[in-house]
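Colleague: Once you've looked at the hints, dock chains R, P and Y against the given chain X.
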Amino acid sequence: MTPRTRSPRRRARLAATALAAGALVLSACSSGGGGSGGDKDSGPGDDKTTASNYSIGTKADSTGPAPEVPGAKKGGAVGVLQRDAFNHLDPGQIYYADVLANQMLYNRSLTSYKVDDKGKVKVVGDLATDAGTASDGGKTWKFTLKDGLKFEDGSAVTAKDVRWGIERLYAPFETDGPLYIPQWLSGDGNDFRKALPEGPYNGKHLPSSVLDTPDDKTIIFHFRQPHADTPFATAMPNIGAVKQAKDTKQKYDNAPFSSGPYKVGEYKVGKSLTLVRNEHWDPKTDPIRHQYADRFEISFGHQFADSTRRFLADQGGDKNALSFSNAVAPEMTEKVLKQAGTKARRFVEIQPYVDYISFNTDRLKDAKVRKALAYAMPNGQILQQNGGATAGVVATNYLSPAMDGYRPTDPFQKKANPAGQPEKAKALLKEAGKLGQEIVYAYANTDVQQKVSVVVTQALERAGFTVQKKEVDANTYRTAIAEVKNKFDIYRSSWGADWPVSSTVVPPLFDGRQVADGAQNYGHLKNSGVDSEIDRINAIPDVKKAAPEWQKLADKILEEDVPGVPVFYNRQFSLWGSNLGGVRYHPVYGTVDPTSVYVK
Amino acid sequence: MSDKVSLPAPREAAPDGARGEPLLVAEGLTKHFPITGGFPVKRRIGAVQAVDGLDLTVRAGESFGLVGESGCGKSTTGRLLTRLLEPTAGRIVYRGRDITHAGRRELAPFRAEIQMIFQDPYASLNPRHTVGKIVSGPMEINGIDPPGGREARVRELLETVGLSPEHYNRFPHEFSGGQRQRIGVARALALEPKLIVADEPVSALDVSIQAQVVNLLRDVQRELGIAFVFIAHDLAVVRHFSQRVAVMYLGKIVEVGDRDDIYRRPRHPYTHALLSAVPEAADLMDTPAGGDGSARASRERIRLAGDVPSPIRPPSGCRFRTRCWKAREECATEEPPLLRAEGSGPGHLSACHFPEPPTVERTTEVILDPALRAAEGHTESQPPNHAQ
Amino acid sequence: MLRFLVRRSLGAIVIILLISAITFFLFFALPSEPALMSCGKNCTPDALAVINKNLGLDQPVPVQYWHYMQGIFMGRDFTVGHCPAPCFGYSFSNQQPVWGTIVDRFPTTLSITLGGAAVFLVVGVGIGMIAAAFRGTWIDKFFSSLSLVGGALQIYFVGVIALAVLVSGLHWMDNPAYHPITEDPVKWFTGMLIPWLVLSIIFIANYSRMTRSQMVEQLGEDHVRTARAKGLGRRTVFFRYAWRGALAPIVTIFGIDLGSLFGGAIITEFTFSLHGLGRLAVSSVSETDLPTLMAVMLVGCTAIVVANIVVDAAYAVIDPRVRLA
Amino acid sequence: MTATTPFLSVRDLYVRFATEDGTVKAVDGLSFELERGRTLGIVGESGSGKSVTNLAVLGLHDPRTTEIEGEILLDGQELTGAPESALEKVRGHKAAMIFQDSLTALSPYYTVGRQIAEPFRKHTGATRREARLRAVEMLKRVGIPNPALRVDDYPHQFSGGMRQRAMIAMALVCDPQLLIADEPTTALDVTVQAQILDLLKDLQQQTGSAIILITHDLGVVAHTVDELLVMYAGRAVERGTVREVLGAPRHPYTWGLLGSMPRLTSDVEEPLSPIPGAPPSLLAPPPGCPFHPRCASVAAVGGDRCRTERPELPAGRGAACHLTPERQRAIFAGQIKPRLR
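Residue numbers (full-length UniProt numbering), protein chains in the order written: chain X, 1 to 600; chain R, 1 to 388; chain P, 1 to 325; chain Y, 1 to 341.
Isolated chain X (complex conformation) (with noise of 0.2 angstroms):
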């Protein structure tokens, strides 16, 4: 589901528990006035982040030092709030926002986004000297690593490390990460895991024929398919370097051994994490990061309304504070964009997540009826009961733009009737003998989606639909969902890729192939034109000629087959103290990126 947090169902938790019922309230009231003050100050969000932003860097990108940020300095230390503990250290088993804008801090991977201060991405070699070198019409991918690469003991990273660190992904405990390199490698699903049943632990290795590491700088891919976005994968915190003398299996979760800038200080579970330097780190090696603070000093537990709080007053060491992942509570929404001085501290930036509203072809058969539901669909209602313009953008199409080679198409004109066309709908259904169709739509328990709920059954039968409203325990709505043979007509769902390129998003969400308890395409689309168009774009091996033609292929499917309409794209608020400079949005990650952050 979302990768927006760690797990939507945890939010809504959370939000349900422990926040008195007069917040959410508040945040209902407020988010109609904030969401017009926040449009016409998110400027950078709106339109910055377009298909050229993304680029595969070229060797020179990939050499360090990374660019000085003007006026920074060093020294100091940088405070971050965050509301969930992390859930792992272990890069191995990372994928989430808050994690994965933490481990820029500590941990290298093979490939790695170099985001410059005009937002533009570039994905360069990090351990490795650029970002691969294909061949064999894509199935072979070789990676050379840089010269003075060291872990935080000194000793150097080699291309044992690197395979160590891969291999231990077969292990039964790392389950929570990526696993588009093990997979490409060794099968699909759970299959890979037979390659290396207990990992690289009792001594054996995959075979170079797979896997090939001929001396201590080379590490060779042999893909059992082509890929062309291989540099993307490679750049995922899990396809990095491990000392296997440092390997503690479970354990390393709360002692990752550092080839970063920074490594782990003091780390309390649950409760606070401290990240102090790493004098082994050698910014030569490095394009992307810097050493500019001497420690991270990152806490957990603070809901957002206390960190928005504390940036706010930004008082002592608040001053110095920011956080990764932490919005702008949606009731102090308006208060943070008429304090002044807080225009130079903040931003809203769109982020990869998109929130679809499914509809479930084996039940909806007609075309048309799902394209009503298309039209009735009242998009920036939605996004009204989401917290507004600072928490999202309507959607027009199935792809985010923050997807490269992203084009702002709009085939049911959402972006001029945000509250939907109900008589545009209505024909639809008369056309096709269905008025008064019946809608069984299914959502979440939370206070968000029950509010959602109103404001769609209203729209739907303004257009002529019958809803019926089932609630699903929050607990369990995503395996009910998930359930093929469920007996819903319409839910929400979301998803955010994991790198830029839309073989992360129409696959998954749409290849009939796919359709499987438990798997994404929630729609159940199987259409056999659009499954062969998908092979046909993953072969081409250049991503960025693949990118338009994936838009192509999403455009085609939300206009003929309809198995879902978007509804808004996620955008993130943030918030920090006063005394920090270099703090930028990382567009891939959707977080702030703190590799360039430095207290003034």
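Hints listed in this document are in silico derivations from the structure and should not be mistaken for laboratory results.
Some clues are possibly wrong.
What the hints assert, rightly or not - Computed list of lysine-lysine pairs in DSS-like fashion (alpha-carbon distance at most 25 angstroms, straight line): (1) Lys526(X) to Lys434(X); (2) Lys284(X) to Lys142(X); (3) Lys365(X) to Lys194(X); (4) Lys434(X) to Lys470(X); (5) Lys120(X) to Lys545(X); (6) Lys141(P) to Lys268(X); (7) Lys487(X) to Lys368(X); (8) Lys271(X) to Lys187(P); (9) Lys160(X) to Lys251(X); (10) Lys194(X) to Lys53(P); (11) Lys545(X) to Lys118(X); (12) Lys53(P) to Lys251(X); (13) Lys249(X) to Lys53(P); (14) Lys204(X) to Lys268(X); (15) Lys204(X) to Lys53(P); (16) Lys434(X) to Lys485(X); (17) Lys544(X) to Lys59(X); (18) Lys319(X) to Lys59(X); (19) Lys487(X) to Lys470(X); (20) Lys319(X) to Lys368(X); (21) Lys319(X) to Lys53(P).
Modeller: The following block gives chains R, P and Y in isolation, referenced to the frame of chain X:
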């Protein structure tokens, strides 16, 4: 339900109304309330022997008085007789039927015939119900529809107990204590019972009101021929109301007999002590004004020591022996049976090894209380027998 | 007294065992899937099975319960290594030994609740006594209306206001934080002060009202009148006789309130970003983290049960009529 | 003190309570006197004002809700309106009180010994040790066995009779010259009541103090008191020596009381002769004679006098009734006395 016919009383069991026929017989009636405690697991470690082997007979239409001090078990006896409590041992026979362990259903026909009146008129009336509802309650529960309807019957009953029929729709809080007790009486009468157990029915009332209620109960008892078990601590009230009287001490009947047997010719020392302790205004009323002297001149004066012992560990043998001036060794070992003592009339039974002479008209002085002894200058050390 | 303590402790153990069993089995009766928390985006039934095996959730529930209870008393072996007794297992969500986490969090909650209780007992009872002493006057009316307002407040609401005013607005205090009392008592005190005040506010209202009414009732009692009839001074009568009588019901209510005090601690911890058992309880529920949930339940219940025993013992000290057995 | 001044003199005492429903005239113009060594019985039903009167003597009413008028002279000292500090010196020292229900009237939280010793220390300045010895001595005097052990018991460990003895010990610990006993035996069993009444009498003979005995039970006063005051609806309706009042009562209310009481020797075939009706509300007492709505002699007085004119209680022996003393005697002898047989 209106189609329910009022049940004919099971008259075939015993000829009705034959005054003097045994109506309710209790044999060896016993009630022990368990006391839990102990360590480490709680268990039964003893019992309050509230009632211990009681034999009594209430005859149809008679008024039977049960008198004694607090803790003697008279209230428990009342609750046992009405089966509000389950006896630990013994038998209760009502009109020839053993109802000792009868279940709800078996008891149903008798429930209507045995009614109870309680001490506290405040606590026993539901404050949210009208008088009409309270009084007609028993009829409703037992599904009885008197000719003319329930309401008419209730109004009739209200008149019987000295209230106005117009009080039908009032609530209990609008009445004084005496009137509330009248409502309680009306409720008890609603089912035309054969036996009413009245537990301290007047002790919460002021003197002038108390007399009104006593008169009412007397009238009810006599005119309607209802048998009464009248439980009270006030000896004068019991005497005024009851034809036969039983004196209880620590869960046992120590003396039972006709009214005059008990009040004029008591044999048990405890009965003597009780009677002598009653302060009588009459002692002065009969003597002309003026003059000095003590009012106690013509009556025996017996002052026991201390209070009644705990019913948890009652004394062995005769239970009164610890406070009795006549107690000897055998009183501690042998429990005196309830017998007709030599010189007593028929039906006059007492449980004492050494019965007193049958009169209270004497000037015996027995002072057992140490403080009184000291204050009044009795110098001898604890003589067991103080009769002069 | 000793008998009482032994018996109550035995009873407490039975209660705690029962609660543990109920919690454990209820957890599995709920529609929740702990494995989902560690399943990332690649969540297929296959992947779930792997995780369930890792967590030991593939075994029958009674067997799991048996292993769990065994672990508490005898320690337990996991793939990660041996976990010495008392072993409450490893957290599903962060793979930490749960006992360590509990030991780490318990002092925070203890500080919040004990301190909060001390504040509301002292202030609440004090206000109630003042109001009772001056009953019918404007002082009484002032405190009565104050406690009416206080009773309507919510911890969350007061907490946010207190932070906005005392910390962000006036800069009188720092953000609340927990510092172990053993390290720095002054920091401990200042860090906990706002949580105490906020937690105690709703209770102060209750306790002042209750104390006032209890005192007024006691002042009307026969034995207080007797004390006055003996010629004892007003103050002696007020403090020695009336207050002593008012104390017993207050202590009783306090024993009942222990549970809600713990509940209040949960909200307090969230409001002030403190890391205590309450927060742990909530997150363990939302993360379907059974071992942590169990441990929090057991520790929380034990704390409440122990506190109740203490309260009962205190009650016996206050009221000699209550005999402990 | 001159011989002409009585030891205790209450004149024109009015006690009124402010309640939500209005003003309750609990005591409505009461006067009486009492000498040392004598016992005054005050008899009346609940609400007659007998307890209120005696709480007023010791100033135990809540001054915020109670209005007290009149004169209370104890050994020449004016007690109405006296400051609390002065009253505290009187209470428990010169004048002590015994209450009805010893279970609630003793504090459950302190030992019997401590509660007895407390006023002794306060009034005599005795040390803790001396006070304790005194408590043991007092317990012995009132007939508590093993006083040295029982002194450390709590009230709930005593039986009802023993508690009442302990209360008497507490009241007498400073040798008060006035003892007010408010229904001291009502909660007790009859055999225990006899012990306590005799004990009070014996102790009075030793100490020579004055006693006010408040009760609803005419039997109790018959054996214990010298003078008797009958109260009804906040007023004294009859006064005299106990022999006079019980042997030849004058007031119709007293006749009613006597007629209401069953006796151990009365004729059981005759019903009791109760007073009809119920006592009046003190919020709005009837005009004229407060007893007239229940009185059988209104016709004998004739006219509207009973309904309009308040009868005064003559000084000395007499009744507050519009019937002339001769009529009172005649009606009693002719109509009432025969029924009391």
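Colleague: Now tell me, hint by hint, if it's right for this structure.
Modeller: Results for each hint:
no.	hint	in the structure
1	Lys526(X) to Lys434(X)	23 angstroms, holds
2	Lys284(X) to Lys142(X)	22 angstroms, holds
3	Lys365(X) to Lys194(X)	39 angstroms, violated
4	Lys434(X) to Lys470(X)	21 angstroms, holds
5	Lys120(X) to Lys545(X)	18 angstroms, holds
6	Lys141(P) to Lys268(X)	50 angstroms, violated
7	Lys487(X) to Lys368(X)	20 angstroms, holds
8	Lys271(X) to Lys187(P)	18 angstroms, holds
9	Lys160(X) to Lys251(X)	21 angstroms, holds
10	Lys194(X) to Lys53(P)	16 angstroms, holds
11	Lys545(X) to Lys118(X)	23 angstroms, holds
12	Lys53(P) to Lys251(X)	18 angstroms, holds
13	Lys249(X) to Lys53(P)	17 angstroms, holds
14	Lys204(X) to Lys268(X)	34 angstroms, violated
15	Lys204(X) to Lys53(P)	22 angstroms, holds
16	Lys434(X) to Lys485(X)	23 angstroms, holds
17	Lys544(X) to Lys59(X)	18 angstroms, holds
18	Lys319(X) to Lys59(X)	38 angstroms, violated
19	Lys487(X) to Lys470(X)	10 angstroms, holds
20	Lys319(X) to Lys368(X)	55 angstroms, violated
21	Lys319(X) to Lys53(P)	46 angstroms, violated
Hint compliance for this structure: hints 3, 6, 14, 18, 20 and 21 are broken, all remaining hints hold.
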